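Trainee: Each chain, written out:
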Amino acid sequence: MRTDRIRDLVSHVVLMFGVALSIFPFYWMLVMASNTTPDIFTYPPKLLIGSHLFENMGKVLDNIDFFGSMLVTVIASLGVTVLVLFFDSLAAFAFAKYEFPGRNWLFGLLLATFMIPAQLALVPQFVTLAEFGWIGSLKALIIPGAANAFGIFWMRQYARGAIPDELIAAAKVDGASFFRQYLTVGLPVLRPGLAFLGIFTFINVWNDYLWPLIVMTDPNKLPLQVALQQLNGVYGTDYSMVMAGALMSVIPLIGVFIIGGRHFIADIAAGAVKS
Amino acid sequence: MAVTTEKVDVPAVSTPKHAGGNKRPNKYRSALPQYVAISPFFILFAIFGAFPVFFSIWLSFHSWDGIGAMKWVGLEQYNYLLGDPKFWTAISNTLVIWVLSTVPMLLLALVIANALHNATRFRSFYRIAYFIPNVTSVVAVTMVFGSIFSNNFGLLNAFLQSIGLSQIEWLSQPWGIKIAIATIVTWRWVGYNAIIFLAGLQAIPSDVYEAAKVDGASPRQTFWRVTVPLLRPVILFTAVTSTIGGLQIFTESQVLLGDTGGPGGAGTTIVSFLYENAFVKNQFGYGAAIGWALFILIVLFSIINWRLIGGDESERLTSRLRRRTRKEQTDAH
Numbered sequence: 001m002r003t004d005r006i007r008d009l010v011s012h013v014v015l016m017f018g019v020a021l022s023i024f025p026f027y028w029m030l031v032m033a034s035n036t037t038p039d040i041f042t043y044p045p046k047l048l049i050g051s052h053l054f055e056n057m058g059k060v061l062d063n064i065d066f067f068g069s070m071l072v073t074v075i076a077s078l079g080v081t082v083l084v085l086f087f088d089s090l091a092a093f094a095f096a097k098y099e100f101p102g103r104n105w106l107f108g109l110l111l112a113t114f115m116i117p118a119q120l121a122l123v124p125q126f127v128t129l130a131e132f133g134w135i136g137s138l139k140a141l142i143i144p145g146a147a148n149a150f151g152i153f154w155m156r157q158y159a160r161g162a163i164p165d166e167l168i169a170a171a172k173v174d175g176a177s178f179f180r181q182y183l184t185v186g187l188p189v190l191r192p193g194l195a196f197l198g199i200f201t202f203i204n205v206w207n208d209y210l211w212p213l214i215v216m217t218d219p220n221k222l223p224l225q226v227a228l229q230q231l232n233g234v235y236g237t238d239y240s241m242v243m244a245g246a247l248m249s250v251i252p253l254i255g256v257f258i259i260g261g262r263h264f265i266a267d268i269a270a271g272a273v274k275s
Numbered sequence: 001m002a003v004t005t006e007k008v009d010v011p012a013v014s015t016p017k018h019a020g021g022n023k024r025p026n027k028y029r030s031a032l033p034q035y036v037a038i039s040p041f042f043i044l045f046a047i048f049g050a051f052p053v054f055f056s057i058w059l060s061f062h063s064w065d066g067i068g069a070m071k072w073v074g075l076e077q078y079n080y081l082l083g084d085p086k087f088w089t090a091i092s093n094t095l096v097i098w099v100l101s102t103v104p105m106l107l108l109a110l111v112i113a114n115a116l117h118n119a120t121r122f123r124s125f126y127r128i129a130y131f132i133p134n135v136t137s138v139v140a141v142t143m144v145f146g147s148i149f150s151n152n153f154g155l156l157n158a159f160l161q162s163i164g165l166s167q168i169e170w171l172s173q174p175w176g177i178k179i180a181i182a183t184i185v186t187w188r189w190v191g192y193n194a195i196i197f198l199a200g201l202q203a204i205p206s207d208v209y210e211a212a213k214v215d216g217a218s219p220r221q222t223f224w225r226v227t228v229p230l231l232r233p234v235i236l237f238t239a240v241t242s243t244i245g246g247l248q249i250f251t252e253s254q255v256l257l258g259d260t261g262g263p264g265g266a267g268t269t270i271v272s273f274l275y276e277n278a279f280v281k282n283q284f285g286y287g288a289a290i291g292w293a294l295f296i297l298i299v300l301f302s303i304i305n306w307r308l309i310g311g312d313e314s315e316r317l318t319s320r321l322r323r324r325t326r327k328e329q330t331d332a333h
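If you read the sequences in order, they're chains A and B.
With UniProt numbering applied, the first sequence corresponds to residues 1 to 275, in that order.
With UniProt numbering applied, the second sequence corresponds to residues 1 to 333, in that order.
Excised from the complex, chain B in its bound form (with noise of 0.2 Å):
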């Protein structure tokens, strides 16, 4: 990726030399100015984005605590990581809480979604009110969540106290911890996903529900044989956008329980399983193999969200499903 910026800076920089003898009209030279107009972009990415990435690489195979010599290691970092079982609690403990986040954090967006589609009236307020959570600082957040699920005198187990139930020591055990982070997730999350989903569903045309209702198809019905399926490229967007960022949590588990991911690492997640061995415990080499190692992650996970909810797939199944309301309202008229 580095050559491609050279190849844009080269006309860039080299032409004005040639400036005065060259006469023939080079196209290159022409469109100089769109080239100086997107290079920052392209400059700012070689050094701060294609360099490190190569660089990573080559630091995946090394030992470095980031003052004395490199050293080589081959793929021991690979191998050790492999064989590390903080890497793979890093792992579980990810998916568990992201599971945990997604799955109540995309039904409950698609039902206020529909709600908010449904209701005619203070749209741009409840839009605002919904919205807020997504613009907060995640560690101003994560500090008034910590509160109420604290582990004494904390809101939530108050609440348990007032109606009868034993308290729960939430940030002490593995579960406790996973469900206090994915509600944090959840709860900043909701509110964007059902803006998306509002929009995918604005954009149904009518005539398809008016197909349904000449066929007789009860609500339930019509939500689940047209809007989702027609809602599939919208739901495909916010599983992919909510694997990407599941997988990426971090603040929120650091400002909860620390660098260590609380007792027993049961917060641990696998950036801050990155961050805790990269810049806590200054091991650059095998920070760098886990940043690799999350990178596989996203890819794998990308592929299996697109097999399952499907992309030109659902694409060619929806337009198919609206040729085919059409024609039975066709029918039917």
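Here chain A stands alone, though its shape is the one from the complex (with noise of 0.2 Å):
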């Protein structure tokens, strides 16, 4: 029909804008990174991409250890992921698939603890990790973040609908251990599921920003973040060569959300809608 037609073109239209927004200041940040600080303050600014980016980004290496302070994130990421998956998905699969006494009850006091913002108790947090010695050192960062009520709750769900209870009364008469029908029926069922939550995960370590500003104190230890900011604090009237460190630190995050991003926006919509 020729109504649809329109509509359709209309929709388009409006969707490519809105992509042109949410696209340009990547493009901005590339702009800026491959031209010289001279370059862009001047009226009219260049608004094409330069041929500076590979000495902007020498820059950057030669001011901060970018490069130690991107293996702190990536440890501190990959650490954070890797437990919560393991803690998350073992007691979702214990409270989505067996019966134990108080069982609602403990779940229920799991769901209560999304209610606790996060900066509350900020403070005695620190003053916490400061006891144990921690402050400064990558603990910080793993430790406090290694099981998540919301990835509990999200696998729970997952794990409700997709493990069949006839695998895991299977496994039960082969003899296996509760570990063992983990290992062997759960996980198996639960990657597409572990996905989602391993990008989640990474993503949101990688990008955190005020944890990482007030535990990881240690000069030689920053995180990417934080030294991002330190080089923005520090050199902010250099913008060339701030904005190709940023577009150093972004580069990474955005590979691993293309790869796994489709099936990732799906998961955050489906569980938004459910709740």
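This list has only true hints and no planted wrong ones.
Here are the simulated DSS-like cross-link-like pairs (lysine-lysine), alpha carbons at most 27 Å apart as the crow flies: (1) B/K86 to B/K281; (2) B/K281 to A/K139; (3) B/K27 to A/K172; (4) B/K281 to A/K221.
Some but not every residue of chain A turned toward chain B, in silico, with C-beta under 10 Å: (5) P45; (6) V123; (7) P124.
Each pair of labels, with its calculated beta carbon distance range: (8) B/N26 to A/A112: 26 to 34 Å; (9) B/Q221 to A/D4: 12 to 20 Å; (10) A/A195 to B/W306: 27 to 35 Å; (11) B/S162 to A/G108: 57 to 65 Å; (12) A/M115 to B/D207: 33 to 41 Å; (13) B/Y209 to A/G68: 54 to 62 Å; (14) A/G133 to B/W72: 20 to 28 Å.
No wet-lab data here; the hints were simulated from the structure.
Given the structure is predicted, the values throughout are model-derived calculations rather than measurements.
Cβ coordinates follow ideal geometry from the N, Cα and C atoms, glycine included.
Relying on the hints, combine the two individually framed chains into one complex.
Mentor: Structure representation (structure tokens):
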């Protein structure tokens, strides 16, 4: 029908306009990172990608320990992701597929912890970690986030529908222990759910700022976001270099997202609509 | 809450000792593997969640710089907080930024979700393009927007100049600062909310729309009378999450303006006020008190959201509406 085609066309025009706004800051980041600061600070400014990208990236490497910071962030992100996937899926498997005394009550308690905003106890959390002697160490970034209520809740919803009771019953008949049932029956079925939770966790830890800012005080072990902000604070007038640093910090993550993105977006939306 | 964790752990820790002598099948003992499986979360929560929450109550009754002795001051921190003009500025800044970002964000998201719902091609391309801002680090994004809004030679000012308008010192003026922060928040979250609205739109059964069509409803009427009411639960979800997120804005302000929130503290949010007092000035007791103020505000605003957009009531309304449209449909046939 003609009205349908017009509606389709209008939709695409609206959407392309939105996409342009959505993508533009990335383009502008690339423009700034590939020109010199004087080139940007003129009127009219340069609006096209220049030829100084590698020079600016080199300056970033000269001024901050970029790869050291990236290593800290990669270890923290991978560490939290692996632990969260294991602990959350194990707990979700138990909550979803087994009867045990106090199960519903404990799950309710777990949901109640959602209500507590992360910043409420920021000061005592810092004090606690200081007592442990963890300030400035990777433990402060990894251990407190090693299991979380959101992941357990989400995986439980997933596990309830995805894991057939017959498979667990069959494994029990074979004499498999609970942990073996988790490994042989639970994990293979939960794999798509784990992919989502893994990307979600990895991205969150990678981008987290306030917590690392507070606990990662060792100047030799700054995570990427904190190092980037320091570069901005100290060399803020050299926009091109700061933007080159910003660009270098977002590329790995955008890579992770584009590889795993399609299912990821569908899962996030499904979670919101169900809850 | 710490008590609960002990309850989980008691069987987990103590049963192995009795394992030899215990002949009765104990329902707690047979569930031991399950308790072990769920224990990591509860143990971590007890140490890094519940304990700090209770400790922060205690801490907020003290004056403490984190190094010396804690000094009991009773309700003095709260008393001082309520009289601290900077606290009220931080609250009003946060609320202004929240309104400036949430209203355009949810409206734009609704428009985009509608367009996505109508568009048949390139859907996965659009989804990824709209979602990328949300997964990009706030620090990097804020730096880019900082340069766009920059007072001298910023892209926005270059644009204003090119169309013959005078430049605006965005990052020096109270409103300019708030608009800049709100723009970053909006840019980061429009796509996320659009994707969630889209999922909500796709969950609306087509028979409802057919009923509206049979009744001769215009597209505009269909949108406001059918789509929006049926989307209420999803709108509530996005409103609640944007409220909670909006009250916790920190990174945008700190990266853009530094620890003090820019000229006149016009960009100081509640969390950056907390950060500045607790971790820059080392006033731990005061920081703990600010944390509780933030908590109370979040609870308050969640209740307001719930009342305005409606929880159970809206569900009843939508199911009634659906029943009615169904009935009208059968009547029409």
